[in-house]
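Peer 1: Next come the chains, spelled out residue by residue.
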Amino acid sequence: MTIYSLYIYDRHCTCVYYQDWHRTRRPKPAVEGGILPAVSQAVVAPPPESNNSTLAPYSSPRNTLTSASGVVVAVSEINAQSTASPLLQAPPSPIGVTSTGLAFDEEVKLVYGVVLSLRNMIKKLSGRDEQFVNYRTSAYKLHLFETLSGYKFVMLSDPGTESLRFVLRQIYVGPFLEYVVRNPLITMDSKEYGIDNEYFRASVDRMIRGSSFFP
Amino acid sequence: MTTNSATPVLKLSSTSFMAIFGLWVINKAGGLVYQRNFADGLAQLTANEYLVLAGTLHGIHAITSRLSPIPGQSSGAQVIEGETFKINVLLTLTGTKFVLLTSPAEPASTIDTLLQKIYSTYAEKVMQNPFHTPEMPIRSEAFDVSLGGLIG
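As they're listed, the protein sequences go chains P and L.
Take the first sequence: its position 160, counted from the start at 1, is 160 in this note's numbering, and no numbers get skipped.
Take the second sequence: its position 147, counted from the start at 1, is 1147 in this note's numbering, and no numbers get skipped.
Worth flagging that the hints you see were computed from the coordinates, not collected in a lab.
Among the hints, a few may not be true.
In silico DSS-like links for lysine-lysine, alpha-carbon gap of 25 Å or less [stated by the list, open to error]: (1) P:Lys123 with L:Lys1097; (2) P:Lys109 with P:Lys28; (3) P:Lys191 with P:Lys109; (4) L:Lys1097 with L:Lys1117; (5) L:Lys1125 with L:Lys1097; (6) P:Lys124 with L:Lys1028; (7) L:Lys1097 with P:Lys124; (8) P:Lys109 with P:Lys123; (9) L:Lys1125 with L:Lys1028.
Using the sequences and the hints given, assemble the complete structure.
Peer 2: Structure follows, in structure tokens:
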């Protein structure tokens, strides 16, 4: 049993967080402006060097959330960060990793589109307020957990796994409430920034790696 | 409130209850060519609404095969689960999709066998009928009767 990736969407249909584990077929980096800053560092194109000097340090507390950093608890020197938080770095691409041929921002929209359509379809067919739970193909299984506030937690795992809804709920009740909702440095519903931060990422990572279904 | 909650409670409490709610046949262009309900439990929709849902399913099926996180070919969605029912999809080599709406407790092996049987019935009663135009709605009494024997 394997976990491949986790997407979190807010109620405005935008992806605010992404993380992956044993994913061997990766999307191309997102185009400039395709996704919000502070979603994930693994899927954005590295910023051009000249950008670093144009960012005036400490001009606004928001500087810690630029796409170059993706860190909330952070210093604004790019070099200092790269040594400070190895977890937030893009993973070195090992050999054997293929590309989906899709840019990350395109992929994010496709995932959301599928989830939303299936959710509406299930509601329509059942005739009541029934939730879409998961779907399975020959290669993977997609699980959905939706909170009352409209946040959607989407997880991809291998097709043999049981329902992972409880894991998504645990992420919501645990790390998400603790390090995102209760984090004063994160504006939720901002439509400008994702929710990526070091504590949340580390905490989700620990939770997934510690679970029984992780190889 | 009481009248509203009556049906869902009945369904949720009987998770071991097995049922086949309906069958759709979707042609390779995404058009619904056959739709039949076998048991109550899902909403009664109009023919138009079924057409829209079938088209949506056709599109989703194509997208899901592209989202695979691992190398190699992925099929489209085979099983889509809600809380009180699931949608089972069999894609044939010719692009026709057989969609079976069942209760979640129905075991995958039973459903696969049943879908294969439905497919052979389709080949026998629909495709071998010289008066049937391919990709057009299926109006065949023989197919209806055979399905009635398979599903009941």
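Peer 1: Compare the structure with each hint and give your call.
Peer 2: Now for the hints, and whether the structure bears them out:
1. A distance of roughly 22 Å separates the Cα atoms of Lys123 (chain P) and Lys1097 (chain L); the hinted pair therefore holds under the 25 Å criterion.
2. Taking the CA atoms of Lys109 (chain P) and Lys28 (chain P), the gap is near 14 Å; set against the 25 Å cutoff, the hint holds.
3. This hinted pair checks out: Lys191 (chain P) and Lys109 (chain P) have alpha carbons roughly 15 Å apart, not beyond 25 Å.
4. Straight-line distance between C-alpha atoms of Lys1097 (chain L) and Lys1117 (chain L) comes to about 14 Å, which keeps the hinted pair within the 25 Å bound.
5. Between Lys1125 (chain L) and Lys1097 (chain L), the direct Cα distance comes to roughly 17 Å. Compliance with the 25 Å bound is thereby established for this hinted pair.
6. The hinted pair formed by Lys124 (chain P) and Lys1028 (chain L) meets the criterion: a straight-line CA distance of about 23 Å does not exceed 25 Å.
7. The suggested pairing of Lys1097 (chain L) with Lys124 (chain P) holds, with an alpha-carbon distance near 20 Å, which does not exceed 25 Å.
8. As the CA atoms of Lys109 (chain P) and Lys123 (chain P) are separated by approximately 21 Å, the hinted pair is consistent with the 25 Å bound.
9. Proximity of Lys1125 (chain L) to Lys1028 (chain L) is assessed by CA-CA distance (about 19 Å); at most 25 Å being required, the pair is judged to hold.
Every hint, counting from the list given before, is met by this structure.
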